[in-house]
Amino acid sequence: MAFTRDDIAARLEGAGYIADRDLATALLLMDMLRRPLLIEGEAGVGKTEVAKALADIHATNLIRLQCYEGLDQAAALYEWNYQRQLLAIKAREGGDPEAIEAEIFSERFLLARPLLAAIRQDIAPVLLIDEIYRADEEFEAFLLELLSDFQVSVPELGTIAARAIPRVVLTSNGTRELSDALRRRCLYHHLEYPTQERELRIILARVPGISIALARQVAGMIAALRREELAKIPGVAETLDWARALLGLGVTDIGEDPVSAYDTLTCVLKTQEDRARISREVTDRMVAQVA
Amino acid sequence: MDAGAQMLGRLSGFATTLRDNGFSIGLAEAADAARVLASPLAARPALLGQALRALFCADRQEWQKFDDIFAAYWLARGIRRVRTLSGAAPKQGPRTLRQLAAAGAPQGEPEARQAPQRHGEDGAANPADRRGRREGASAAQTLERMDFRHIADPASLAEAHAAAARLAAVLRTRLARRQRRASSGRRIDIRRSIRASIPHGGTPLELVWRRRRQRPLKLVVLLDASGSMSLYTAVFTRFIHGVMHGFGQADAFLFHTRLVQVSAALRDGDPQRAIERLSLLAEGVGGGTRIGACLAQFVRWHARRSLTSRSVLMIISDGYDTGAPGALGAAMAALRKRCRRIVWLNPMLGWKGYEPVARGMAEALPFVDLFAPAHTLESLQRLEPWFARL
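Order-wise, the sequence lines are chains A and B.
Start counting the first sequence at 1; every next residue gets the next number (this note's numbering).
Start counting the second sequence at 292; every next residue gets the next number (this note's numbering).
Pulled out of the complex, with its shape left as it was, chain A reads as follows:
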């Protein structure tokens, strides 16, 4: 499926993701050049959501590999189902050893982990390699190999080549410097916190039943909060939580109900320090500005 850039932007919007223009361009390039896309940005700017929306617009599966320290091939690529193999050996004791061996190293006993699962799909899936900075450098090198030829060799089975090249999205928040080789292999996109106007559109798209007036106030408040010196800057997920909380409490105008607004800020401020900094007075001042 070949889309134009505006097509992609419109479809992303249909999938509930309000993208800025350069992201749509990057996604278009990703299809054109068949390169993975590395998305960097602060926590909560919607990096993971990009992959979900991408799977949505191409109507394919999303396969997610969450990286963590010590992630290895067995957890990322494939592993033999040892318990089943042992059971199979016991059950066929006394049989023809070669036949048993051929059987226990067949695909039935192979546990496909996300990377293998991604290249064995008939329709190209979206492979999300989430928080790649958490994985070790050795894993990065291994990933690089996979991302360049999209084939995996299992010693007992032979080489498994990709049936369809998956669309790969990697996310990172820049805590650890990634290797240059990996960066060069990928397209790069840096996601910022959404502008107030974009955030308004996101709220309207993701929180059904919210009035435009309230959504505008929420977006304004969040923008004001992000300008404060907070220990943890609220992300888009926090914005949506807060909008839903206000909607659930039946608030239609923050200006008329600043108490509820202040009480529900727990959805947005996640450390005690931030909570203390944004006191009732500060909240009232912000409310007065946006209401």
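None of these hints come from the bench; they were simulated from the model.
Cβ coordinates follow ideal geometry from the N, Cα and C atoms, glycine included.
Among the hints, a few may not be true.
Said to hold, decoys possible - Below 30 Å or equal to it, Euclidean Cα-Cα: the simulated DSS-like pairs (lysine-lysine) are: (1) Lys232(A) <-> Lys628(B); (2) Lys232(A) <-> Lys356(B); (3) Lys232(A) <-> Lys90(A); (4) Lys52(A) <-> Lys232(A); (5) Lys270(A) <-> Lys232(A); (6) Lys628(B) <-> Lys52(A).
Unchecked claim - Here are a few chain A residues that sit away from chain B, every Cβ distance over 10 Å (derived from the structure): (7) Glu40; (8) Ile57; (9) Ala59; (10) Ala74; (11) Glu103; (12) Arg184; (13) Thr195; (14) Ala213; (15) Arg216; (16) Asp241; (17) Glu256; (18) Tyr262; (19) Arg285.
To be verified - Per the computed footprint, the stretches of chain B lying under chain A, defined by three or more beta-carbons under 8 Å from a beta-carbon of chain A, are: (20) 313-320; (21) 325-332; (22) 335-342; (23) 480-489; (24) 590-604.
Assemble chain B onto chain A, guided by the hints.
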């Protein structure tokens, strides 16, 4: 078709400009860029800019400077080189690090710098040699004890630079070796033990252990490059370069009235070139210091990314703060929460009769884990055991 060839020529020129600005662009990227140029994306400059940015950039810094370079090259806005600076523009004229280094060495002969090891027989790359030196009454020994301030002739300065780089290498290997010397196994890895037992017919002869990985430390260095420190800056730059080079997890910042991230420049393998790149970054070095404001800036913009619970923060400064009182203390308190250890190296501490009574220093001291002198090579060497213990 002629127009197409012309566009390709322009594109390769653009790739060269980007390389000049520190981007690493390989042949594969250039080939892909040619494909982008042939696609409908090339119809509008804005679209082309976005597409090439996604293709050519590899990290945030490049991402931020790309637009300016693109505009300068394709839209002829007249900017050729883009510096990554944070904060306001410098007030005074350019006084670069390189000039500082030259000021430390009155004659400033380039060949002296190119040959840092004047005594060929020294070959002091291994620690045994250095130990031998410390015992005898050689010229090298006096150099180790000599305050950096008093090192004047270019040859000695070059020697001091080389020694600083060597020391940094020792420090680096001590830190890096720790990750290989992991603790022995504590728990049995059941899954892998079963896997290993298959060749033995299911009898677990070989046990596979799980061990806790030791993670290497990350070093973050903040170097004061203000006027009061100018005699030391050149040597410390060299020292930091030695630590940074090849040390995967390290960040370096320079501050005077502003804070500048210099990690990328210092990763350059050739020290002289690294210092040259640094001087481009740090125009305006040598003014007053606003340590408090710079540290606050670090906390606000870089600490979240740079510091982890495994980080050692090394601040090299004399603690003469010309900013508002209180700011330094508050920034240090915030930093204290974010990292494992804070080391403050103060060259003045080695002076006879110096007491850390400067207001800035007094504010910072409660938050510092190790407060050490750093005026001679010997004092830098004494840091080594402390780092090895971490």
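Status of each hint after checking the structure:
no., hint, result
1, Lys232(A) <-> Lys628(B), "holds (14 Å)"
2, Lys232(A) <-> Lys356(B), "holds (26 Å)"
3, Lys232(A) <-> Lys90(A), "violated (55 Å)"
4, Lys52(A) <-> Lys232(A), "holds (25 Å)"
5, Lys270(A) <-> Lys232(A), "holds (7 Å)"
6, Lys628(B) <-> Lys52(A), "violated (35 Å)"
7, Glu40, "violated (6 Å)"
8, Ile57, "holds (18 Å)"
9, Ala59, "holds (24 Å)"
10, Ala74, "violated (8 Å)"
11, Glu103, "holds (14 Å)"
12, Arg184, "violated (6 Å)"
13, Thr195, "holds (17 Å)"
14, Ala213, "holds (33 Å)"
15, Arg216, "holds (28 Å)"
16, Asp241, "holds (22 Å)"
17, Glu256, "holds (35 Å)"
18, Tyr262, "holds (25 Å)"
19, Arg285, "holds (22 Å)"
20, 313-320, "holds (count 4)"
21, 325-332, "holds (count 5)"
22, 335-342, "holds (count 3)"
23, 480-489, "holds (count 4)"
24, 590-604, "holds (count 3)"
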